[in-house]
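Got chain U sorted already, so can you dock chain E onto it with the hints?
Chain order of the listed sequences is U and E.
Quick note: the first sequence uses our numbering, first residue 1, plus one each step.
Quick note: the second sequence uses our numbering, first residue 1, plus one each step.
Be a bit skeptical, because a hint or two may be false.
Since the list gives no way to pick out one identical chain from another, each pair is judged satisfied if it fits inside one copy or across any two copies.
To be verified - Straight-line distance between alpha carbons at most 30 Å, and here's what the computed DSS-like set of lysine-lysine pairs gives:
(1) K181 x K191
(2) K181 x K165
(3) K36 x K94
(4) K181 x K82
(5) K211 x K165
Hints are computed from structural coordinates only; laboratory data are not their basis.
Nothing here was measured: the structure is a model prediction, and the numbers come from that model.
2 protein chains.
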Amino acid sequence: MPLTQFYLTIMELFYTTDIDFPYLYLQHEEAIHCIKSLRKNIGDYIHITDGLGNHYYGIITQIERKKDIVTVHAQKQQNFNKSQNLGLCIAPTKNIDRMEWLIEKAVELGVSQIQWIITERSQRKTIPLERMQRIAISAMKQSLQYFLPNFYPIINFSSWLEQQKILQGVIGYCGEDIDKKPLNTLQITNKQNTYWICIGPEGDFTQNEVKQSLNTGLIPVSIGTHRLRTETAALTAISYFYL
Amino acid sequence: MPLTQFYLTIMELFYTTDIDFPYLYLQHEEAIHCIKSLRKNIGDYIHITDGLGNHYYGIITQIERKKDIVTVHAQKQQNFNKSQNLGLCIAPTKNIDRMEWLIEKAVELGVSQIQWIITERSQRKTIPLERMQRIAISAMKQSLQYFLPNFYPIINFSSWLEQQKILQGVIGYCGEDIDKKPLNTLQITNKQNTYWICIGPEGDFTQNEVKQSLNTGLIPVSIGTHRLRTETAALTAISYFYL
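Excised from the complex, chain U in its bound form (with noise of 0.2 Å):
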């Protein structure tokens, strides 16, 4: 079935890790918004996912009210492929917030890998990584998607790329020093391996950090034409290769 009118059949999917199939349990948030706000009881059905691609759908068949869990017997409906591989490279802005829109966003968009970098002009070095992921199990069932993104800890931006070695991707940068490529002349022609999207913090990459990231084969862009906030360039980025 195609995912638009796959959409229109469900109204509500919820999330959990917690499967010993048949048997799927939701826990707390997601147990209390099921049971709670939209007043599910035994013998409603619901529609799950595990944030792998799977799809389950099944029977609420018990209610432990005091525990906030919710049993639910169930059959495996379908098994996703993600059709393709982003990954959002970025320095957190010092402003949280903003990052906290960019993930929503990013995940709402199918990003499907987040790793987070302490560049030389970072004013952020630490995240929030369990909010951030609440923020993305929202987005993911909002939007009714079956894949949740990996969130990697934050790590120093060079060392990720050495460790890294041979990246596909691209790394937006304002400076004139190095030549660069306009972002809407670009398509992923590998889809297989992640293909990175590189944003620096808000006092841009060092003229060091985009060479070193050259070597490892990431293509330096210029994203537009205004000066963009970093949760902007990241996120005029994600849609263009999302389009």
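For chain E alone, coordinates are given in the frame of chain U:
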């Protein structure tokens, strides 16, 4: 001078429409930002825009701290022309934060016209226009642009279509009952006229609304493959035409 070089030399842009050339007057928040946050003083030079495409550069000649007025003796540096004329026509979401975020991003990406609409399935029928304009001014300055978009008061979508008669642009629609084009098959052919991006409320446009918009020349489009939130769909479409 290309814009990229240009913004490297400007760190801060002020906004005023209170102009008695060669004198420009910063007032209220702009004046406070100038003299308190940035500690500018008589004799300092600053960059100013009127939001109509004009860039002024001048010297602070007077500061009235009690009235929060900064007088600048300025020269006109440049008069910019819009390279494109994108219009956003959108049914505001119930949650106004989402619209505030969208306006910031839309202005960063250079949208010229913003038309709020009430549709058949709209949940929100009012918009805090002044607050939206303040956000737009801030985004314009931050992204070093010289154009403030035109904001139009909220209007019934159907009446707006009747007033406009002929339109160039797209209407985002999720329904399967009308032939749609994928967004990324389209191009703006006439850059003189406004190219409108019409985005419906959480519950989508109705079939009638889409049919009426077809008669004005709007093209029904699907924006990607996932169920996107109103503001994400809007920003994805703006990004596409911006790049």
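Going through the earlier hints one by one, which of them does the structure break, listed in rising order? none
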